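Student: Chain by chain, the residues:
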Amino acid sequence: MSTVDSPSDRLEFLQGTLEVLILRSLQIAPNHAFGIAKFIERQSEAEFSVDNGTLYPGLQRLMQRGWITSQWKTSPNARRAKYYRLTADGRKQLLTATSRWRRFVEAMSRVLAPEVK
Amino acid sequence: MSLRERWGKLRALFAGRAGLDDLREEIDTHLAMEIEDAGHTGTNPHEIRKRFGNRTAIGESAYNAWTFETVESFAQDVHYALRGMWRNPVPAGTALLSVALSIGALTVVFTAIKPVLIEPLPYRHPEELVQFRTEYPRFPEQPRGDWMSWENAQEAGRRSRTLEAVAIYRNAFADLASESGDPPEALYGARVTSNLFPLLGVAPMLGRNILPEEDQPGRPDVIVLSHGLWVRRFHSDPGIVGRVLTVNGRASTVIGVMSAEFDFPMRRTAVRTPSPYVDFWAPLEVARGGGHSAVARLKPGVTMAQARQDIGSIGESLAAEFPATNSDRVLQLNFLHDRVAGNARSSLLLLLGASVLFLLIGCSNVANLLLARGHDRQKEIALRLALGAGPKRILRQMMTESCALAVLGGLAGYLLSVMAWRILPALSPAGIPRLASARSDMTVLFFAMALSVLNGVFFGIVPALRAVRTGGGNANGFGSRGVAGGHDRTRSLLVIAEVSLTVMLVVLGGQLLGAFSRLMATDPGFDADRIVASVILPSADRYRDPERRDEFYRKILESVRNLPDVESAGTVDALPFSGENTGALVSAVETSSAREADAEVDVTGGEYLQTMGLRLIEGRYFQPEEMKPSNESAIVSALLASQLWPGSSAIGRRICLNCRPGNAPMWKRVVGVVSDAKHSALNEREKGAVYLAAGAMERAAFVVARTRRSAGDLEQAIRRAVAATDPNQAVFLVAPLRSFITDSVADRRFVMILVFITGCLALVMSAAGVYAVTSYSTSRRTAEIGIRMAIGATPQQVHALIFRQGFGSAALGMAIGLVLASASLRLLRSFLPGLEQSHAAHAWIAAGLVTIAAAGACWLPARKAIRVDPVSALRHE
Numbered sequence: 001m002s003t004v005d006s007p008s009d010r011l012e013f014l015q016g017t018l019e020v021l022i023l024r025s026l027q028i029a030p031n032h033a034f035g036i037a038k039f040i041e042r043q044s045e046a047e048f049s050v051d052n053g054t055l056y057p058g059l060q061r062l063m064q065r066g067w068i069t070s071q072w073k074t075s076p077n078a079r080r081a082k083y084y085r086l087t088a089d090g091r092k093q094l095l096t097a098t099s100r101w102r103r104f105v106e107a108m109s110r111v112l113a114p115e116v117k
Numbered sequence: 001m002s003l004r005e006r007w008g009k010l011r012a013l014f015a016g017r018a019g020l021d022d023l024r025e026e027i028d029t030h031l032a033m034e035i036e037d038a039g040h041t042g043t044n045p046h047e048i049r050k051r052f053g054n055r056t057a058i059g060e061s062a063y064n065a066w067t068f069e070t071v072e073s074f075a076q077d078v079h080y081a082l083r084g085m086w087r088n089p090v091p092a093g094t095a096l097l098s099v100a101l102s103i104g105a106l107t108v109v110f111t112a113i114k115p116v117l118i119e120p121l122p123y124r125h126p127e128e129l130v131q132f133r134t135e136y137p138r139f140p141e142q143p144r145g146d147w148m149s150w151e152n153a154q155e156a157g158r159r160s161r162t163l164e165a166v167a168i169y170r171n172a173f174a175d176l177a178s179e180s181g182d183p184p185e186a187l188y189g190a191r192v193t194s195n196l197f198p199l200l201g202v203a204p205m206l207g208r209n210i211l212p213e214e215d216q217p218g219r220p221d222v223i224v225l226s227h228g229l230w231v232r233r234f235h236s237d238p239g240i241v242g243r244v245l246t247v248n249g250r251a252s253t254v255i256g257v258m259s260a261e262f263d264f265p266m267r268r269t270a271v272r273t274p275s276p277y278v279d280f281w282a283p284l285e286v287a288r289g290g291g292h293s294a295v296a297r298l299k300p301g302v303t304m305a306q307a308r309q310d311i312g313s314i315g316e317s318l319a320a321e322f323p324a325t326n327s328d329r330v331l332q333l334n335f336l337h338d339r340v341a342g343n344a345r346s347s348l349l350l351l352l353g354a355s356v357l358f359l360l361i362g363c364s365n366v367a368n369l370l371l372a373r374g375h376d377r378q379k380e381i382a383l384r385l386a387l388g389a390g391p392k393r394i395l396r397q398m399m400t401e402s403c404a405l406a407v408l409g410g411l412a413g414y415l416l417s418v419m420a421w422r423i424l425p426a427l428s429p430a431g432i433p434r435l436a437s438a439r440s441d442m443t444v445l446f447f448a449m450a451l452s453v454l455n456g457v458f459f460g461i462v463p464a465l466r467a468v469r470t471g472g473g474n475a476n477g478f479g480s481r482g483v484a485g486g487h488d489r490t491r492s493l494l495v496i497a498e499v500s501l502t503v504m505l506v507v508l509g510g511q512l513l514g515a516f517s518r519l520m521a522t523d524p525g526f527d528a529d530r531i532v533a534s535v536i537l538p539s540a541d542r543y544r545d546p547e548r549r550d551e552f553y554r555k556i557l558e559s560v561r562n563l564p565d566v567e568s569a570g571t572v573d574a575l576p577f578s579g580e581n582t583g584a585l586v587s588a589v590e591t592s593s594a595r596e597a598d599a600e601v602d603v604t605g606g607e608y609l610q611t612m613g614l615r616l617i618e619g620r621y622f623q624p625e626e627m628k629p630s631n632e633s634a635i636v637s638a639l640l641a642s643q644l645w646p647g648s649s650a651i652g653r654r655i656c657l658n659c660r661p662g663n664a665p666m667w668k669r670v671v672g673v674v675s676d677a678k679h680s681a682l683n684e685r686e687k688g689a690v691y692l693a694a695g696a697m698e699r700a701a702f703v704v705a706r707t708r709r710s711a712g713d714l715e716q717a718i719r720r721a722v723a724a725t726d727p728n729q730a731v732f733l734v735a736p737l738r739s740f741i742t743d744s745v746a747d748r749r750f751v752m753i754l755v756f757i758t759g760c761l762a763l764v765m766s767a768a769g770v771y772a773v774t775s776y777s778t779s780r781r782t783a784e785i786g787i788r789m790a791i792g793a794t795p796q797q798v799h800a801l802i803f804r805q806g807f808g809s810a811a812l813g814m815a816i817g818l819v820l821a822s823a824s825l826r827l828l829r830s831f832l833p834g835l836e837q838s839h840a841a842h843a844w845i846a847a848g849l850v851t852i853a854a855a856g857a858c859w860l861p862a863r864k865a866i867r868v869d870p871v872s873a874l875r876h877e
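Going down the list, the sequences are from chains A and B. When the letters of the first sequence are read in order and numbered with this note's numbering, they come out as residues 1 to 117. When the letters of the second sequence are read in order and numbered with this note's numbering, they come out as residues 1 to 877.
One chain only, chain A, in its complex shape (with noise of 0.2 Å):
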């Protein structure tokens, strides 16, 4: 994963950002892999661009943990494709990641914040 508007200074990668992107992507229906893509894509506004090579081994991953499930189904437009979808360990995950984030960002909006109390 890397930020779409300066190559030059890309975030070091850091483990685990993009699992719970991914687990985010599944959180309202099944999806397959250029679904999720397009998804985070589109809600990060193009911030993030998701590179293959590195979605198809976090899919694995979280299929290993158990956390998202795959079946081939046939998709809206006759096409027949891979879903992935969320297990209840995976929503379990995603709660517990979401908030953690949460928590993290607002600390570090208190810390980065322009006034100080």
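Hints in this document: simulated from the structure, not taken from any laboratory. Certain hints may be false.
To be verified - Simulated crosslink set (BS3-like; lysine-lysine; CA at most 27 Å straight-line):
no., chain 1, residue 1, chain 2, residue 2
1, A, K92, B, K392
2, A, K82, B, K50
3, A, K73, A, K38
4, A, K73, A, K92
5, B, K379, B, K392
6, A, K92, A, K38
7, B, K379, A, K92
8, B, K50, A, K38
9, B, K628, B, K555
10, A, K92, A, K82
11, A, K38, A, K82
Nothing here was measured: the structure is a model prediction, and the numbers come from that model.
Place chain B on chain A using the hints.
Tutor: Leaving out everything else, chain B in the frame of chain A:
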């Protein structure tokens, strides 16, 4: 790992290629969808494909992610660890160096200990082999060697119910006549009974063992060669067996060649020999008296305690049956393996202890550095925990990092030890058996690696746990730069530990060095620097006749005395520091209260006493005619004179040597008193000496000469003089007397040098550790310092503050270290000779060194701190 995960992994492993095909299909679909999607916006399909990436590579990396996640994440952790080190070269380098040095030191010692103390002896069932020993309960000093008289060894073998067989051996010297251009050569070897090789369970590499009938008198001579001699002298001639050599002037048939690994006896009893290893084995014919050693094998199922009891009671009944020879002695039994290392055991264990302390210093150094690094990484760890990485995962990564560091450092340490053992064999004292053959091998590598991993876990666990705990506890891992962080307590504990261990090591090293230099400064009683000693043993068979021996030595002594630059020369039967000695009980029978003392009895010829520089205190030196066989003149040392006739003159007194019921009394009359001299060791108990002249030339084995020039020049001249007298006579050795003394302390010097080096390294390492910690905590306090200076603290105040806080823990460590050092010295004194009188001065010098190093290590960062510009320091955050 959850059960489901395990199952998933297992299923995937069995699913094999189907999974990969499935992935390929999925990726192809994905690409098709993307192209279709792009069709609406009008992007070029070729461009899409390019951006999509290599489909095979994607499929494979996904497939591998599934199957080998653990391995992959491990590799990733290692990668992170190496990158982390690369980015912080100074702390990482310090840590690596600490690990390398401490693992290296312990590995060096392990390499030495392995062959000497751990590896079993290269004989069959070595755990059953035992060595006899004779002790004299009434004598204050027990023999260094394990001696056993021929008769007692024979009787023990005959009477014992617990021993399978008893084999007897003794040192032997032989000269090999010059042959096809090779000069005559003096050999050091052993005469052994024919049952020795079968008892040890060894057989020659070429040829055969000594046959039982071959150790009986009147049989033709046979000889078994060592591998070394066979290679050196006979150019590995495969047809050597059956060849007839001239040994001691007699024809002797080579019956076998031992393999290169075989060495017996391993523990040398002769201090100086031409080769440090036994060169030959020849049959020991029926002999009598002392100077023998005996080994035996326990019968199957017999314990050592049973055998000891058996031999003890045999010793008692022998004392009752033969009071003349046995009433003063007891027989003992020890495991051969324990006796081979001899006194080296305690020295090596001391070395091991020192290097373990050193390892602990290295450990605390690294733990401290990792702790500091963990602190700097709180941001990263907090972020990762926030993103859902499990604490276990973080812990594993931290541990992988410390282990990677440890393994890298351990490898470097192993290489250091390999290099050290390139040099050390040359310095290894020959007195420690098998030490010179110490080499790094797979076991040593395994040891170093196991130690490294253990080390990595040990010094990594605290920083790792701390990182996870603090990272999770306060999500705002950012900017938690306290005024004086709470972690400083752990760090100062580590500093205290490190400094106290260093003080222990340095004080110990200083004490050993002090004891050694005191020992070397001990006056042996003679002037060793300008005396050259040569060992010339007249070939036993050609000079069987006492008169011929007498004539031979007279000629040699005469020609040595006539060499240019030789001031005086003499002969003796047992030279000081040569390993030879003859003790006797001396009785002064004429006094009303018969006094006795044990003393060294040496037969001297020529101007031996004058040459050695023994001053005449009373009476006169020997006169040439007193060297005749029947002569009762004796000269005693000042100590013996004061022991036997305190307060009165010794001249004209009669003494009796070894006057015991059953012994033929040997009466002598004192004609002179000379100054005292050491005989077998610089630290030996004070012991008197009797010098005799009767039969000096027949019994001579050493020639000593005092030279005006350097000792080295004389060697060739002496060899030529001997060759001129008898071209077939080999000269064993010509060397300065000083080197005999130096050799007698070789083991101690070896250990002392290694402990001293360890102490010096410890000093440098802990200074680096204290420096690193102080400068790290100072750098973390830049803002605080800035504030202090901004509100008016003077640089002196800041300097004092920083210095005091750093030096405080070092000083505490020093105090603890001194207490520990004095406790351990008390413990060591009981089993390490030479530490008896320790000088407080050495301990204070050592402590002073540590103080200076620690003070310097705290001073420099404090200096740096006060150069801080307050404004930039406040912006530092």
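Student: Tell me if the straight-line CA distance from A:K82 to B:K50 falls inside 27 Å.
Tutor: 23 Å, holds
Student: Starting from A:K92, check that the Cα of B:K392 is at most 27 Å away, please.
Tutor: 19 Å, holds
Student: Holds or violated: are the alpha carbons of B:K628 and B:K555 at most 27 Å from each other?
Tutor: Roughly 15 Å separates the two Cα atoms, so the pair holds.
Student: For the pair we were handed, A:K38 and A:K82, check the Cα-Cα distance against 27 Å.
Tutor: With Cα atoms ~15 Å apart, A:K38 and A:K82 stay inside 27 Å; holds.
Student: Holds or violated: A:K92 with A:K38, Cα cutoff 27 Å?
Tutor: Distance ~24 Å between A:K92 and A:K38 Cα, so the pair holds.
Student: Assess, step by step, whether the Cα of A:K92 is no farther than 27 Å from the Cα of A:K82, and give holds or violated.
Tutor: 23 Å, holds
Student: Hey, B:K50 versus A:K38, does the alpha-carbon distance stay inside 27 Å?
Tutor: Since the Cα atoms of B:K50 and A:K38 sit roughly 17 Å apart, the hinted pair holds (cutoff 27 Å).
Student: Hint check: A:K73 vs A:K92, CA-CA at most 27 Å. Holds or violated?
Tutor: Holds, at about 25 Å.
Student: Take the C-alpha atoms of A:K73 and A:K38, compute the straight-line distance between them, and say whether it is at most 27 Å.
Tutor: Within the cut-off at roughly 19 Å; holds.
Student: Taking only the CA atoms, is the gap from B:K379 to A:K92 under or equal to 27 Å?
Tutor: Between B:K379 and A:K92 the Cα gap is close to 26 Å, so the pair holds against 27 Å.
Student: Take a quick look at whether B:K379 and B:K392 sit within 27 Å of each other, Cα to Cα.
Tutor: Holds: B:K379 and B:K392 sit about 17 Å apart, inside 27 Å.
In summary, this structure violates none of the numbered hints.
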